[in-house]
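Keeping their order, the protein sequence lines are chains A and B. Sequential numbering of the first sequence, starting at 1, is according to the working numbering. Sequential numbering of the second sequence, starting at 1, is according to the working numbering.
No lab work stands behind these hints, which were simulated from the structure alone. All values derive from a computational prediction rather than experimental measurement. There may be inaccurate statements among the hints.
A pair holds if it fits inside one copy or across any two, identical chains being indistinguishable in the list.
List of simulated lysine-lysine pairs, DSBU-like, C-alpha gap at most 35 Å [to be verified]: (1) Lys33 / Lys217; (2) Lys33 / Lys242; (3) Lys242 / Lys2; (4) Lys217 / Lys185; (5) Lys217 / Lys163; (6) Lys159 / Lys217; (7) Lys77 / Lys217; (8) Lys217 / Lys2; (9) Lys266 / Lys217; (10) Lys242 / Lys65; (11) Lys65 / Lys217; (12) Lys242 / Lys217.
Protein chains: 2
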Amino acid sequence: MKIAVVGAGAMGSLFGGLLADAGEDVTLIDVWKEHVDAINARGLRIKGISGDRTIEVNSTTDPGKVGPVDLVIIFVKSYDTAEAARDALPMASDETVFLSLQNGLGNIDKIADAAGKHRIIRGVTAQGSTMMGPGEIYHAGLGPTVIGELDETSTERIKRIGKAFNHAGIHTEISSNIMGALWSKVLVNVGINPLTALTGLRNGELLDHPEIRQVMKRAVEEAMMVAQSLGIEMEFDNPVEKVYEVAEATAANRSSMLQDVERGRKTEIDALNGAIVELGRQIGVDTPVNETLVAAVKGLESVRTGA
Amino acid sequence: MKIAVVGAGAMGSLFGGLLADAGEDVTLIDVWKEHVDAINARGLRIKGISGDRTIEVNSTTDPGKVGPVDLVIIFVKSYDTAEAARDALPMASDETVFLSLQNGLGNIDKIADAAGKHRIIRGVTAQGSTMMGPGEIYHAGLGPTVIGELDETSTERIKRIGKAFNHAGIHTEISSNIMGALWSKVLVNVGINPLTALTGLRNGELLDHPEIRQVMKRAVEEAMMVAQSLGIEMEFDNPVEKVYEVAEATAANRSSMLQDVERGRKTEIDALNGAIVELGRQIGVDTPVNETLVAAVKGLESVRTGA
C-alpha cells in the first residue's frame with residue numbers, strides 16, 4: 001500500500017515507521033525540517049518497547065512531491081487538521097482513504113470539508129510514543145488501535161488497512177462503534193488533561209485532592225450529557241470511574257496538555273473540553289465546568305506561548 | 001487608644017504605622033522576626049503616596065507581652081484568622097473591639113469562635129500597600145475604608161475608631177451595610193483572582209479573552225445568587241460590569257492571588273471562591289464555575305508550595 005503520514009511527530013513517525021518496516025511504501029510528511037532531514041540521511045530510529053531499530057523511510061516537508069497514495073494517515077495536532085487535509089489533496093485520488101488517528105473531536109468535519117466525508121475512516125489508538133530528537137522516537141506503549149467506518153459498516157478498504165496495521169505489529173481491531181471509542185478516549189482526556197495543565201500535577205496526583213476529583217467528575221458528566229444527546233454509545237458504563245482508573249493507571253505521567261503548556265506550545269483544548277462546550281451550546285446542554293477549564297487553559301496558553 | 005495590629009504585613013504595618021504616627025499607642029504583632037526586629041531597631045519606614053517617613057512604633061512576635069488594648073486590628077491572611085484570634089485573647093478585656101479589615105468571607109465566624117461576636121467590627125479597605133523588605137512598606141493606594149457594626153447600628157465605639165482612623169489620614173466612613181460592602185469586594189476578587197492565578201495574566205489581560213470574560217461573569221453570577229439567598233444587599237447594581245471595570249482600572253496589576261502562587265505561598269482561595277462554594281452548598285445553590293476555579297487553584301497551590 002502507498003501511504004502518506006501527514007504529521008510525523010512521535011505518533012505519526014511510529015505508525016509510519018512500523019508500516020514501512022513491514023514493507024509498505026510510506027512517506028512521512030512534516031514541517032519540522034531537521035526531523036525530515038535526519039530521517040532521509042540516517043533513517044528513522046525507533047527505540048523502546050518494540051525493540052531498537054533503524055528504518056529506511058521516505059520523508060519530506062512537501063506533500064506536493066509525494067504523488068497519489070492509497071492511504072493518508074492524518075496525525076497532526078487537531079488545530080492543524082484543516083490545513084493538513086487541504087495540503088494532502090494533491091496526494092489523493094477518488095480511492096484514497098483519509099484515516100484520522102488524532103485525539104479529540106472535530107477532526108472528521110475538518111477533513112470532510114477538504115476531502116469529503118466518504119473518504120474518511122476514523123481511528124483511535126492507545127499506542128504511546130515520545131519524540132527524542134530529530135529522526136528518533138521512543139516507543140513507550142503498545143495499547144490497542146481501533147479503526148472504523150463512519151457509517152459503522154465493514155468494508156474492503158478498512159479490512160485492508162486493518163490487515164496492514166496488524167502485519168506491521170500495530171494491534172488493530174475494526175470497530176462498528178468508532179465514535180463511541182473516540183468519545184470514550186475524549187472523556188478521559190476531558191477529565192484529566194486541563195486539570196493537570198492548570199496545576200502542574202501528574203495524572204495520579206489529581207486524585208489526592210477531593211475538590212479536583214469532584215471537578216473531574218463534573219467535567220466528565222457534562223461531556224456525557226452532550227454525548228448522550230448526540231446519541232453516542234460510550235464504551236464503558238461508568239465514565240467517571242473510568243477516568244479515575246486511567247488517572248491511577250497512568251499516575252506518574254505528565255499529560256500531553258501539561259507538556260504542551262510547559263513547553264510553551266498550543267494545546268488541544270479546543271478539540272477536547274472546547275468541543276464539549278461548543279457542542280453543548282449547539283444542542284442546549286450547559287457545560288459550566290468545561291467552560292471554566294477551557295477559559296483558564298486558553299489564558300494560560302496565551303501567557304506561555306506569548307500569543 | 002491602645003491598639004494591637006495582629007498581622008503586620010504590608011496592610012497591617014500601614015494601618016498601624018499611620019495610627020502610631022497620629023499619636024495612638026500601637027503595637028505591631030507578626031511572626032516574621034526580621035520585620036519586627038527592623039521596626040524596633042530603626043522604626044517603620046513608609047514610602048509612597050502619603051510621603052516618605054520613619055515612624056516609631058512598638059513591634060513584637062509575642063502577643064502575650066502586649067497587655068490589654070482597646071482595639072485589636074486583625075490583618076492576618078484569612079487562613080490564619082482562627083489562630084490569630086485565639087492568640088489575641090490575652091490582650092482583650094470585655095471592652096476590647098476586634099476589627100477585621102481582612103479580605104474574604106468567614107473571618108467574622110472564626111474571630112467570633114474565639115472572642116464572641118459582640119466584640120467584632122468588620123471593615124473593608126481599598127488602601128494599597130506593598131512589603132518592600134523588613135521594616136519597610138510602600139503605600140501604593142489611598143482608597144476609602146469603611147467599617148461597620150455587624151448589627152448595622154451606629155455605636156460610640158465605632159465612631160471612636162472611625163475618628164482615630166480619619167485623624168491618622170485613613171479616610172474612613174461608617175457603614176450601616178458593612179456586609180454589603182464586604183461582599184461587593186469579595187465579588188470582584190471572585191471574578192478576578194483565581195483566573196489571574198491560574199493563567200499568569202494581569203488583571204486587564206483577562207478582558208482580552210472572550211472565554212475568560214464569560215467565566216468571570218458566571219463566577220460572579222453564582223456568587224450573586226448565594227449573596228441574594230443570604231439577604232446581602234450589594235453596593236452596585238451590576239456586579240459583573242463592576243468586575244470588568246475593576247479589571248480595567250487595575251489592568252497592569254498582578255492580583256494578590258497570582259503573587260501568592262508565584263511566590264509559592266498559600267492563597268486566600270478558601271475565603272473567596274471557596275466560601276462561595278461552601279455557602280452555596282449549605283443553602284442549595286449550585287456553583288460549578290467556582291468549584292472548578294477552587295479545585296484548580298488548590299491543585300496549583302499544592303504544586304507551588306510543595307505541600
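Right, here's what the structure says about each hint:
In this homomeric assembly, Lys33 and Lys217 never come within 35 Å of each other (Cα to Cα): the closest approach is 42 Å inside a single copy and 45 Å across copies. Taking identical chains as interchangeable, the C-alpha atoms of Lys33 and Lys242 are never at most 35 Å apart, the minima being 39 Å within one chain and 50 Å between chains. Proximity of Lys242 and Lys2 under a CA criterion of 35 Å is satisfied in neither setting, with 38 Å inside one chain copy and 61 Å between copies. For the identical chains of this complex, Lys217 and Lys185 are neighbours both inside a copy (15 Å) and across copies (31 Å), given an alpha-carbon limit of 35 Å.
For a Cα distance limit of 35 Å, the shortest separation of Lys217 from Lys163 qualifies neither inside one copy, at 38 Å, nor across copies, at 53 Å. For the identical chains of this complex, Lys159 and Lys217 are neighbours neither inside a copy (37 Å) nor across copies (51 Å), given an alpha-carbon limit of 35 Å. Within a single copy, Lys77 and Lys217 get their C-alpha atoms as close as 26 Å, and across copies as close as 31 Å, so both meet the 35 Å cut-off. In this homomeric assembly, Lys217 and Lys2 never come within 35 Å of each other (Cα to Cα): the closest approach is 44 Å inside a single copy and 53 Å across copies.
Taking CA atoms no more than 35 Å apart as the test, Lys266 paired with Lys217 passes in both settings, with 25 Å inside one copy and 25 Å between copies. Taking the closest pair of Cα atoms, Lys242 and Lys65 never come within 35 Å of each other, the shortest separation being 44 Å inside a single copy and 58 Å across copies. Taking the closest pair of Cα atoms, Lys65 and Lys217 never come within 35 Å of each other, the shortest separation being 48 Å inside a single copy and 51 Å across copies. In this assembly of identical chains, the alpha carbons of Lys242 and Lys217 lie at most 35 Å apart whether taken from the same copy (10 Å) or from different copies (32 Å).
Of the numbered hints stated above, those contradicted by the structure are hints 1, 2, 3, 5, 6, 8, 10 and 11, listed in ascending order.
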